[in-house]
Amino acid sequence: MALIETHDLTKYYGRHRAVENVNFEVNEGETFGFIGPNGAGKTTTIRILLGLIFPTSGQAKIFGKDCVRDGPQIRKLVGYVPSEVNYYANATVEELLGYFASFYKSVDKTYMKELCARFEIDTKKKFRELSTGNKKKVAVVQALLHRPKLLICDEPTIGLDPIMQNKLLELLEELKAQGVTIFFSSHILNEVQRLCDRFVMIKEGKIIKIESIEALRNKNYKMVRLQLKDRNQLKRVVEKFGPNVKTKDSAIVFEFFGNIDQLMKELSSLSLENVWIEDPSLEDFFMTFYSEVRS
Amino acid sequence: MNVYSWEMRHNMKSTMIWTVVLIVLLIMYASVYPSMVKDVELISRVMKLMPRAFLRIFGLEDFDLTNILHYLVTISSIYVTLLGSVFSALLVVKLVAKEESEKTAEFLLSKPLGRKSVLAQKLLAIFSSILMLDAILSLASFFVTSYFGSESLDQSRFWLFWASQILLHITVSSIVLCFICFSKRQDSAVSLSIGIVFVLYVFSIIAKLTEKAKLLVYFTPFYYSDGVRIVKYGSIEPIFLLLHFILILASLSVSFIVYSRKDIYV
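Going down the list, the protein sequences come from chains S and F. Per our numbering, residue 1 is the first one in the first sequence, and the count goes up by one each step. Per our numbering, residue 1 is the first one in the second sequence, and the count goes up by one each step.
Treat the hints loosely; a few may be bogus.
To be verified - The following residues of chain S were derived to be distant from chain F, with all beta-carbon distances above 12 angstroms:
1) Asp-70
2) Ile-158
3) Leu-195
4) Gly-242
Stated by the list, open to error - Covered by chain S, according to a simulated footprint, are these stretches of chain F (three or more residues, beta-carbon under 8 angstroms):
5) 1-12
6) 85-96
7) 101-109
8) 226-235
Derived by calculation from the structure, the hints in this document are not laboratory data. Idealized CB from N, CA, C, for every residue including glycine.
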């Protein structure tokens, strides 16, 4: 069953287009990545799902219910981790947690305490005294304390230190194992690769591609940069690695798809001054994907 | 009712501060009263020298300053009528507009509570705070008046005056709420709300000042609840009472409709 479905979802801010004809489905129990550059419309889509803003046209449904009409009912079973956390600054974390819990019928207080302990949250502090990372942790507890069926995360690891990032990702993996559906917006390819079953790419308000993460793994290419001892070898490089070889300053750059062993063998036949083999950044990855879709 | 109790708990302090400040102002004004009664002849002579327009603004034209109720109502037109309305307007800003300008709406409105229910609970908290301020202030005013006044107090007029002020504060907060619901961004909500209060207040002054602007009396709740007039005649004209209720009802229904369909940008 599709837990989230959008049909030609479109939102204009005045004349400015935020998202246009967005269509995707998220299945129950699935972890679904939502990736794209800044301003692509990720947050807009999430806000429509949460009922904070209303679509210009099209429809979004969660649990088969309409996000505009049945918002309160839907939100009983949804947890939301915002990318930027803003709560009442003068309240203590303890007060805030009490307030968060008061919106739901039954909240397991021991589970809440467990979560706080896990993220090492100091509940006596006022919210305004917390660092960005600690605020985020409070937001994570807030999103989980009522044991939601669907968790919507808008760049949840931003602002957390690597240890906490890892803790959060571990927690998300646990939730996934428990059957919680996770809608996960991110900039960071690693996270998406680690957690998600499928992902959707959005750019300039439009969905570019929906893929399974398996396909992403298969597209697991490397960015290769070489410095040759002898410039005359350039021809051989082009013969070996195809036409997308570019020269950049004194180096030669290309993307390598396929077997790493193969790559190493080919490289060993060249006389090299220097070599870099790197994973593509999301940006590189995105550009490759994008041009692929267009062509 | 969780939003209501949260708001009440977190706004109690500021409501109490406002109440205390207004009571101090009241005592300050009232403590001058005995000395004014002593020099009543001098004062009425001075008053005769003042321009009529000036007297009319403050409703002093044919006012008996030896009567403490008249005195109280005259000075109240500044501190209860105007400052009380500013308090009501700022309350709306704090409870409704701030939720958007400080981006906490993102949290509140993504909880399983409909927009209408959120607004209704907030409105209830606003009205409760207004009632609390006015109730304490009117009691304080009652004791102060009994303490400083030489003759007995006309109680029915006294309480009618306070009822008119409560109604005024409710109307002002409803109007401000309506404007806030309409505005897309809440960055200037404070100046907007105070602006509305002062414009309406100035309308009532102009209306009192010249016959030409007579129509203006219908456009400002400050005139409906003009304390000086109410104490003078001992009643609120039914038309103004009706206008109060129409304004409240209209503002609130529009607010609820707009708020429940509004995009929240945070």
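Right, here's what the structure says about each hint:
Interface exclusion of S:Asp-70 from chain F breaks down, the closest Cβ pair being 10 angstroms apart, not more than 12 angstroms. Listed as outside the interface, S:Ile-158 is consistent with that label: its C-beta sits roughly 15 angstroms from the nearest C-beta of chain F, beyond the 12 angstroms cut-off. Even its closest Cβ contact with chain F, about 22 angstroms, leaves S:Leu-195 beyond 12 angstroms, as expected for a residue assigned away from the interface. The beta carbon of S:Gly-242 is kept farther than 12 angstroms from every beta carbon of chain F, the shortest such distance being approximately 47 angstroms.
Counting residues of the stretch 1-12 of chain F whose CB falls under 8 angstroms from any CB of chain S gives 3; the rule of at least 3 is met. Counting residues of the stretch 85-96 of chain F whose CB lies closer than 8 angstroms to any CB of chain S gives 0, so the stated coverage by that chain is violated, three being the minimum. By the rule of at least three residues with a Cβ nearer than 8 angstroms to a Cβ of chain S, the coverage given for the stretch 101-109 of chain F holds, with 7 such residues. Check on the stretch 226-235 of chain F: 0 of its residues sit with their Cβ under 8 angstroms from a Cβ of chain S, so the three-residue criterion for coverage is violated.
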